[in-house]
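**Student:** Below are the chains, spelled out letter by letter.
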Amino acid sequence: MAGIMENIFAPVFLPLEDVITETPTIKTFVTCPDPPIHFRAGQFMQLTVPGVGEAPFTPSSSPYEPERLEITVLKAGTVTDALHKLKPGDIVGLRGPFGKGYPLEKFYKKEILVVGGGVGLAPLRALLLALFHDIDKVERVSIKYGAKNPEELVYYKFFDEWAKYKKVDMTITIDTPHPGWEGNVGLVTELLKVLDINLNNSYSVVCGPEVMLKFVTLSLLNAKFTPKQIYLSMNRNMSCGMGICGRCNVGPYYLCKDGPDMNYDLIKDFPGVLG
Amino acid sequence: MNYIKFTDIAQLIARLASSNTVYVPYTHDNKYFLSSWNGKEAESESFLFNPFRTALPFLKALFFQAKCVVAQYLPVSDTVEASEKQRIVFGVKACDLLGKKVLDTIFLKGEYVDPLYSDNSENTVIISGDCTEALENCFCTVVGLQPHPEEEYDLNMSPINGGYIFESGSEKGEKIIKDHLDLFTEATKEHINHRNQQRTKLNKIVERQNQNYKTAESRQRIIEENINAPIWHDVSKTCVECNGCNYVCPTCYCFLLYDQKHDDGNERMKVWDSCFHAGYARMAGGITPRLHLVDRFKNHYYHKFDSFVKNYGFEACSGCGRCIETCMGQIDKREVLKNIEKYVELK
Numbered sequence: 000m001a002g003i004m005e006n007i008f009a010p011v012f013l014p015l016e017d018v019i020t021e022t023p024t025i026k027t028f029v030t031c032p033d034p035p036i037h038f039r040a041g042q043f044m045q046l047t048v049p050g051v052g053e054a055p056f057t058p059s060s061s062p063y064e065p066e067r068l069e070i071t072v073l074k075a076g077t078v079t080d081a082l083h084k085l086k087p088g089d090i091v092g093l094r095g096p097f098g099k100g101y102p103l104e105k106f107y108k109k110e111i112l113v114v115g116g117g118v119g120l121a122p123l124r125a126l127l128l129a130l131f132h133d134i135d136k137v138e139r140v141s142i143k144y145g146a147k148n149p150e151e152l153v154y155y156k157f158f159d160e161w162a163k164y165k166k167v168d169m170t171i172t173i174d175t176p177h178p179g180w181e182g183n184v185g186l187v188t189e190l191l192k193v194l195d196i197n198l199n200n201s202y203s204v205v206c207g208p209e210v211m212l213k214f215v216t217l218s219l220l221n222a223k224f225t226p227k228q229i230y231l232s233m234n235r236n237m238s239c240g241m242g243i244c245g246r247c248n249v250g251p252y253y254l255c256k257d258g259p260d261m262n263y264d265l266i267k268d269f270p271g272v273l274g
Numbered sequence: 000m001n002y003i004k005f006t007d008i009a010q011l012i013a014r015l016a017s018s019n020t021v022y023v024p025y026t027h028d029n030k031y032f033l034s035s036w037n038g039k040e041a042e043s044e045s046f047l048f049n050p051f052r053t054a055l056p057f058l059k060a061l062f063f064q065a066k067c068v069v070a071q072y073l074p075v076s077d078t079v080e081a082s083e084k085q086r087i088v089f090g091v092k093a094c095d096l097l098g099k100k101v102l103d104t105i106f107l108k109g110e111y112v113d114p115l116y117s118d119n120s121e122n123t124v125i126i127s128g129d130c131t132e133a134l135e136n137c138f139c140t141v142v143g144l145q146p147h148p149e150e151e152y153d154l155n156m157s158p159i160n161g162g163y164i165f166e167s168g169s170e171k172g173e174k175i176i177k178d179h180l181d182l183f184t185e186a187t188k189e190h191i192n193h194r195n196q197q198r199t200k201l202n203k204i205v206e207r208q209n210q211n212y213k214t215a216e217s218r219q220r221i222i223e224e225n226i227n228a229p230i231w232h233d234v235s236k237t238c239v240e241c242n243g244c245n246y247v248c249p250t251c252y253c254f255l256l257y258d259q260k261h262d263d264g265n266e267r268m269k270v271w272d273s274c275f276h277a278g279y280a281r282m283a284g285g286i287t288p289r290l291h292l293v294d295r296f297k298n299h300y301y302h303k304f305d306s307f308v309k310n311y312g313f314e315a316c317s318g319c320g321r322c323i324e325t326c327m328g329q330i331d332k333r334e335v336l337k338n339i340e341k342y343v344e345l346k
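Line by line, the protein sequences give chains A and B. The numbering of the first sequence is numbering that gives the first Met the number 0, which starts it at 0 and goes up by one. The numbering of the second sequence is numbering that gives the first Met the number 0, which starts it at 0 and goes up by one.
Hints are not guaranteed to be accurate.
To be verified - Covered by chain B, according to a simulated footprint, are these stretches of chain A (three or more residues, beta-carbon under 8 angstroms): (1) 17-27; (2) 79-93; (3) 236-243; (4) 247-259.
Unchecked claim - As a list, the in silico DSS-like pairs of lysine-lysine whose alpha-carbon atoms are at most 25 angstroms apart: (5) K84/A - K108/B; (6) K86/A - K309/B; (7) K213/A - K223/A; (8) K213/A - K227/A; (9) K309/B - K99/A; (10) K99/A - K174/B.
The set of hints was computed from the structure by calculation and includes no laboratory data. As the structure is a prediction and not an experimental result, all values here were calculated from the model. Glycine included, C-beta positions come from ideal geometry on N, C-alpha and C.
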């Protein structure tokens, strides 16, 4: 797999077709690559803002619709600040796809517990859309999602649509009470305290900020998930994407090449895995 | 194997320099460096053979520059430049060649090829040399190397009485000998015996100066078994994060990519990076996976002696001792490993 680039460091450039404001801090950037960029759910792209730099993002759109590539981004640093200022028609660069992505085949015939925090639902959306595409093949998809406040619930508009699938259930929560919010309040770990999942036949997939990964992992272990049943989306500051520049290693693994979605059992004994 | 007289080597270099850029050793302050051969002085100047490694990892810097442009875009340009003239590099030692082996593994032999590294590598002829003296920090024999090159060179030269033995290790090297056969004679058995005696002698010297640093366990095992041990706090306490050990290391290859505006376009830069730096691997929002110095220190050793072995089958340390020489905290890799091993015994 050589990606879409001739020179491994040079991105391919294309215009933004659309910029969708998801929340006050999160936008989705839509491109229509021609030829389409085929990717597996969980694989990531390096997105370049010309003259500013590049940063790694996992597409949030369906891998079955590669002609419309959506990337959902939280405004959090130099590249993402510049990205949030772009408008439809502005040019961005792409390198990739990189990494292995989620082991979809392993999830078939299983109950999948998908746990997301904040913008962490973005990479998970690609996974969810891939699972929905073959919904007959999985036993169940149970989504637990938390955000800071109701405004920051990303993809809120899709939740009803997702929950319509027979095998899908979704529970959401916000961190702190908010006027007009009548749903769950508390961190996403609260939703894991009472689980009705068949532990013997399930996997959990977690994506969110580092601190959330830590406490969700502890909650899952507490709920008697084994480390092998836990997949963590370790979307750190991958740079080269090829397992060579050195900044994303966890033990002998490079998150960019061997991940970014890692089985917790593989990495649990190495220093610095969970903040 | 071929033999060339001391008096003919300058002529060989002058000929090579007519169509190549030739780098040769020079000395300053009892250290060796490389610089391009000055053709004008070729006749008067004799070739200086460096008896031990250069102060800096010159070969690495030639293939994998400290800072270079890896892409230009908007407008897109093909000018990811490699030097046009073929480069011939003298003064390279076995430790530098192990560095090259590590870099080749990363930049040439993986799933992706780094185009600039590949061009630089193809465009360079390496003429290495046996070490004939050891520096006090040299420890190549500890990491399984010899103080003379055994692989990865195009030509290797061994100084003996009156001249040099040249041994070729590649077609590129073979071609240089063939093209200048009038300057060479066939090396005699006597020459080769002389070379081998010298090699054995120096090997013993390096082994002797490192006899206290032999570990009973493999370095990989020492680190693997103690990765979470508190001893790392002790061995790292004089580190001041100057990053010097990374920059003088012939095997360190971590790099940073960043973009900048250039004239009317943009360019992507690749620069050497250092895993000791607090900002290394920092994410948006300010989170750093290895927040404490001790974690970064440990990662440096873990990478060289454990994970690199797991991934590629050999250690990413050449025993050149440059990290020891440069460390203002007087940290000695050999002692660090020995101390960690001792810690095992005390446990």
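**Student:** With reference to the structure, classify each hint as holding or not holding.
**Tutor:** Cross-check of the supplied hints:
| no. | hint | verdict |
| --- | --- | --- |
| 1 | 17-27 | violated (count 0) |
| 2 | 79-93 | holds (count 3) |
| 3 | 236-243 | holds (count 6) |
| 4 | 247-259 | holds (count 6) |
| 5 | K84/A - K108/B | 40 angstroms, violated |
| 6 | K86/A - K309/B | 46 angstroms, violated |
| 7 | K213/A - K223/A | 16 angstroms, holds |
| 8 | K213/A - K227/A | 16 angstroms, holds |
| 9 | K309/B - K99/A | 19 angstroms, holds |
| 10 | K99/A - K174/B | 44 angstroms, violated |
When held up to the earlier numbered hints, the structure conflicts with 1, 5, 6 and 10 and fits the remainder.
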